[in-house]
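Number of protein chains: 2
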Amino acid sequence: MKKIVLVSLALFFSQLSFSQLDPAQLDSLEIRKIYDMSLLNGKSYSWLEHLSLKIGTRLSGSMGAQRAVEYTKKELETLGLDKVWLQPVMVPKWVRGAKEFAYVETAPGSTRNINITALGGSVATPAGGAKAQVIEVQGIEDLARYGEEQIKGKIVFYNRPMRASVINTFEAYSGAVDQRYSGAAEAAKYGAIGVIVRSMNLRLDDFPHTGSMSYGDLPVSKRIPTAAISTNDAEYLSGLLKIKKDAEVYFKLNCQQFPDMESFNVIGEITGSQFPEEFIVVGGHLDSWDLGDGSNDDGAGVVQSMEVLRLFKELNLKPKRSIRVVLFMNEEHGLSGGKKYAEVAKQKKENHIFALESDEGSFNPRGFSIEGDKAQFQQFVGWKPLFKPYLIHYFEQGGSGADIGPLKNGSTVLAGLRPDSQRYFDHHHSDNDVFEHIVKRELELGAATMASLIYLVDKYGIKASEPLQSSGL
Amino acid sequence: MKKIVLVSLALFFSQLSFSQLDPAQLDSLEIRKIYDMSLLNGKSYSWLEHLSLKIGTRLSGSMGAQRAVEYTKKELETLGLDKVWLQPVMVPKWVRGAKEFAYVETAPGSTRNINITALGGSVATPAGGAKAQVIEVQGIEDLARYGEEQIKGKIVFYNRPMRASVINTFEAYSGAVDQRYSGAAEAAKYGAIGVIVRSMNLRLDDFPHTGSMSYGDLPVSKRIPTAAISTNDAEYLSGLLKIKKDAEVYFKLNCQQFPDMESFNVIGEITGSQFPEEFIVVGGHLDSWDLGDGSNDDGAGVVQSMEVLRLFKELNLKPKRSIRVVLFMNEEHGLSGGKKYAEVAKQKKENHIFALESDEGSFNPRGFSIEGDKAQFQQFVGWKPLFKPYLIHYFEQGGSGADIGPLKNGSTVLAGLRPDSQRYFDHHHSDNDVFEHIVKRELELGAATMASLIYLVDKYGIKASEPLQSSGL
Chain L
1 MKKIVLVSLA LFFSQLSFSQ LDPAQLDSLE IRKIYDMSLL NGKSYSWLEH LSLKIGTRLS
61 GSMGAQRAVE YTKKELETLG LDKVWLQPVM VPKWVRGAKE FAYVETAPGS TRNINITALG
121 GSVATPAGGA KAQVIEVQGI EDLARYGEEQ IKGKIVFYNR PMRASVINTF EAYSGAVDQR
181 YSGAAEAAKY GAIGVIVRSM NLRLDDFPHT GSMSYGDLPV SKRIPTAAIS TNDAEYLSGL
241 LKIKKDAEVY FKLNCQQFPD MESFNVIGEI TGSQFPEEFI VVGGHLDSWD LGDGSNDDGA
301 GVVQSMEVLR LFKELNLKPK RSIRVVLFMN EEHGLSGGKK YAEVAKQKKE NHIFALESDE
361 GSFNPRGFSI EGDKAQFQQF VGWKPLFKPY LIHYFEQGGS GADIGPLKNG STVLAGLRPD
421 SQRYFDHHHS DNDVFEHIVK RELELGAATM ASLIYLVDKY GIKASEPLQS SGL
Chain X
1 MKKIVLVSLA LFFSQLSFSQ LDPAQLDSLE IRKIYDMSLL NGKSYSWLEH LSLKIGTRLS
61 GSMGAQRAVE YTKKELETLG LDKVWLQPVM VPKWVRGAKE FAYVETAPGS TRNINITALG
121 GSVATPAGGA KAQVIEVQGI EDLARYGEEQ IKGKIVFYNR PMRASVINTF EAYSGAVDQR
181 YSGAAEAAKY GAIGVIVRSM NLRLDDFPHT GSMSYGDLPV SKRIPTAAIS TNDAEYLSGL
241 LKIKKDAEVY FKLNCQQFPD MESFNVIGEI TGSQFPEEFI VVGGHLDSWD LGDGSNDDGA
301 GVVQSMEVLR LFKELNLKPK RSIRVVLFMN EEHGLSGGKK YAEVAKQKKE NHIFALESDE
361 GSFNPRGFSI EGDKAQFQQF VGWKPLFKPY LIHYFEQGGS GADIGPLKNG STVLAGLRPD
421 SQRYFDHHHS DNDVFEHIVK RELELGAATM ASLIYLVDKY GIKASEPLQS SGL
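As you go down the protein sequences, you meet chains L and X in turn. All the letters of the first sequence, read from the start, carry residue numbers 1 to 473 under my numbering. All the letters of the second sequence, read from the start, carry residue numbers 1 to 473 under my numbering.
The calculated BS3-like cross-link candidates involving lysine-lysine, where the alpha carbons are at most 27 Å apart (straight line), are: (1) K384(X) with K384(L); (2) K374(X) with K384(L); (3) K349(L) with K408(L).
Now the in silico label distances, taken between C-beta atoms and shown as ranges: (4) D36(X) with S174(L): 14 to 22 Å; (5) E235(L) with G175(X): 43 to 51 Å; (6) N168(L) with K463(X): 30 to 38 Å; (7) R67(L) with D36(X): 41 to 49 Å; (8) P126(X) with R112(L): 57 to 65 Å.
Hints in this document: simulated from the structure, not taken from any laboratory. This structure is a prediction, so every number in the text was calculated from the model and none was measured. Ideal placement from N, C-alpha and C gives every residue a C-beta, glycine not left out.
Could you build the full structure based on these sequences and the hints that come with them?
Dropping the structure here:
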């Protein structure tokens, strides 16, 4: 009996022409199809498996990055897009060299090894390594307090943790990462001979986490080597320094900077049927750090973005506007891919109405962070009910993604996929960012969530931005 | 300059007496304190570490279950609660015995092992094992179609997967678990000699997942052995049967049923200062299956519930109403702990206004599912804004938790914590439910979310339920 009712209902719906549905019902059905296709016949997971396990890390300037360019271009070419091309961009080439080594002298003749990783862009230590007493600080602002007198000749140890009480872990990251990015440049000014930084990780474990650092305008001769140590080792070292203030740390980094070289953004496009001159971008970054395999940062964003275009093709959704997937090169080490894409778009006077980035990992999607004016933001909020069946609830104004940032021009609306952030920094920039931690369903839900938003933006366009205040100012 | 402003603001707030704040502001501050305490000085994670790694599995009637009773009682006794006690309850004792073994004959003289686990409550195979041809079905409803003619003497293989397109994985579970629970009883009626079931797992992997089954009113002599096989093996076997219809499977189960024995619910109470006769329960179940270590099912719920009362004590929140933590015994294998607690509460005429259970794992909390009438549900929805800073967004009417179900009486409101469900069935009832998969922050966020709801229910009480329709019916 139940079966008969179900069959009748199915017949009824299949006879309902789509034109009899109101737009919200139609959107809701299309979005259901997008999620079904991603979850039942998705390709994101197998793409990521290849990228992570067959290619591996993809640091700008490396062989892995080059292979990733070739692989993703080849895969995009199988999708029947209207165009696929490479966009040349210059990238830095920094090489880690032999694995780092470090220890702390716990007692005369007695040492304990420390898990350490050079920060991206660091200079090497002298060939024999660097050894010195350690001064622990809670941040850059502590340096002035100790002054050159207490810092000169020592290794500065930045140990302010990410704040565990902050709910969004990216906020906690922002509150601590200045130590990694600028810590060496600042400590060098006080005569430090090296810098070690507590890893940007909320968890206590043994993985050191790398990431970009900058010497700012410090002359080459003044640059000092800098590395991250694991949170467990940071806790240990801090404890040791309380009872043995003169404990010395030895560390050896073997990194090297080579001349910049050419690499590529990988781009694919479905050309719009009605408004081909309006561009919608969806992307992630193809490069990664050279630890783990870059599955979460940002292999996930790469394959989800590719999947968005594949879902359009598979579901025969013919966009009105031109939709581009852009796999940006070199987000991690200078953002040159993002800058290049925006520069070329500006030169060509391409009208980008919207760009969406996925660069917060493969975790279960919660929603979007949106950069646009108030009316534009409200347009997105208006779509929220369509996402409720998928537990997508987060629609807030805020930052989008690093690679699409350069597209910001006062009229292009930008958005970032916001997955659950709790686990992200367990993996980020470390040997713990590996494919085994990817949950297929979560990756697929993210791709479907992105594709659904792109579907809506393509269908309805973006409201014109509010006129700027007339400026007598 | 920024610092000066911050310091002034801090002074300003510290001088603001709490009485000058409106209730929503006050609640918002109290809830912030609850989250801070759980995230910065929580105890749930170390309790779970002990429960999972030092004690391990806690199947009803086992030594592990007994040790868990003793450990949690002892820990509750350290919290300064007003009462801690054990509530006796009879539980079944089913023992798996030696590890199961199974293979499929792929060709004459050639076999492939199958990852298998007896379902809880299954009878053993004959001492030499059971071997027979296999008939694959997509569900119980297929049996009638094949009939005794095709089923008799064979092993029935239920292979309908959980539906991957369903967003809430518990819904997908409900749509498949009848095969595990009733599959053997039904197949026995058609003369099958055994049953194997595709594991309740959305992922393809090698873990077989156990769980409860029932023979219903089938006489002992008619009962047939039943086991789950891993999803990978289910896929393999199904593929093999397409090319070799007469392939035989061998399996051997060594389980045994012993007489019921006494065990305990563990209960702690903070007695209410104003309305001690109104009870609020927060709980999870102390027993687990005998695979993995039961960290997610339901060690997490146990330690989160304990943490709720600890947070009240640590933060010096003196509840108006009596708050009880109840660690239920034997959810998995007959629900006798939940039934016993409700039975005693009824005998003693205790007025339970609210009960909250955490039994969907340690994953990042999304909100609550609430069983109450419409006005009561709206009371909970009214609290939603207080949870927004913690990304808690899900307040829906629906089922709560198995253990608190027996408290349902038309006036007690019930609720279940709803964590993210995507990963749950990767672990559930298998060797993959182990402590290493627990993310400390997520566990702690769950405990804080529960404590915040309990804080609100205690402070404001529960609206009286709507009068029943006057029943001429």
